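Protein chains in written order, with my numbering: chain A, 1 to 146; chain B, 1 to 146.
Warning: the hint list may mix true and false statements.
Note: identical chains are not told apart, hence a pair may lie in one copy or across any two.
[Unchecked claim] Simulated crosslink set (SDA-like; lysine to any residue; CA at most 20 angstroms straight-line):
1) K88 - T23
2) K62 - W145
3) K126 - R138
4) K104 - F54
5) K88 - F109
Simulated from the structure, these hints should not be mistaken for laboratory data.
Predicted, not measured: the structure shown is a model, and the values here were computed from it.
2 protein chains.
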Amino acid sequence: MVDILHRVGALASPEKVYEALTTVDGLAGWWTEDTDGDSDVGGVIRFRFLPGGFDMKVLEAKAAELVLWEVVDGPEEWIGTRVRFELKRQGDFTIVLFRHEGWKEQVEFMYHCSTKWAVYLMSLKKLAETGKGDPSPRDVQISDWH
Amino acid sequence: MVDILHRVGALASPEKVYEALTTVDGLAGWWTEDTDGDSDVGGVIRFRFLPGGFDMKVLEAKAAELVLWEVVDGPEEWIGTRVRFELKRQGDFTIVLFRHEGWKEQVEFMYHCSTKWAVYLMSLKKLAETGKGDPSPRDVQISDWH
């Protein structure tokens, strides 16, 4: 099993970053505008992009500390993996430790998703700091795979 | 052993991307302006940032295809790891498959470096496409760790 790891820091409160991770409006503000579903624990959130999307079951949500999803539908390589956001305060920053864990193999798609997650996490940082992120379909294109 | 993985695509020729990875001027254009040393195979390239830097031994350089470095000096977690850039043409894009391989543990610094590499690879893409990247000290700040 292999993981994608990232760390970004937002000049915003943990509560603000947590809100961006646990509400449909917040998630639509940095990942994809086409987001709906139930963002409570046990609920499933639907994220849609131009070519397809992901359904995430919310396994854990601990205010201003932790969000943990399980991928219940989406690309084959994603199903069963987990996406974890750990939040902590460090000076003026809220640090987000991100892990997309449990990939079976280091396939080329994993390389792509790692870079793309970094770009979306910079969008989360921007949303928390300025009120406006760069979610799909206004996201930054990184390659031919978008 | 764990790896950082990334994939970006530049709308530029493999030769142009290769030049950005194998010349001191090219490297100074996207990673850090404070770059010097010998970029031939067997040479050591010195990369300096505000807080410190990295010395990379060039292990392999295959025109427009592959660049492989070994970290011979720098932060303890980096020493002995390898940084690999594989290039391939895909339509109008030159795809860069990036791997910083051989980390001993998933320490918090690895999370940081993963995101920071993604941001620098977007700088490499920008340099190859427009002639101007965002190297240190003009790089994008991602957190309190810079």
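Structure-based check of each hint:
Only within a single protomer do K88 and T23 lie at most 20 angstroms apart by alpha-carbon distance; the minimum there is 19 angstroms, versus 40 angstroms between protomers. Taking CA atoms no more than 20 angstroms apart as the test, K62 paired with W145 passes in neither setting, with 34 angstroms inside one copy and 25 angstroms between copies. Taking the shortest alpha-carbon separations for K126 and R138, both the intra-copy value of 14 angstroms and the inter-copy value of 18 angstroms come in at or below 20 angstroms. In the homo-oligomer, the alpha carbons of K104 and F54 lie at most 20 angstroms apart inside one protomer (18 angstroms), although the nearest pairing across protomers, at 31 angstroms, exceeds that limit.
In the homo-oligomer, the alpha carbons of K88 and F109 lie at most 20 angstroms apart only across protomers (15 angstroms), although the nearest pairing inside one protomer, at 30 angstroms, exceeds that limit.
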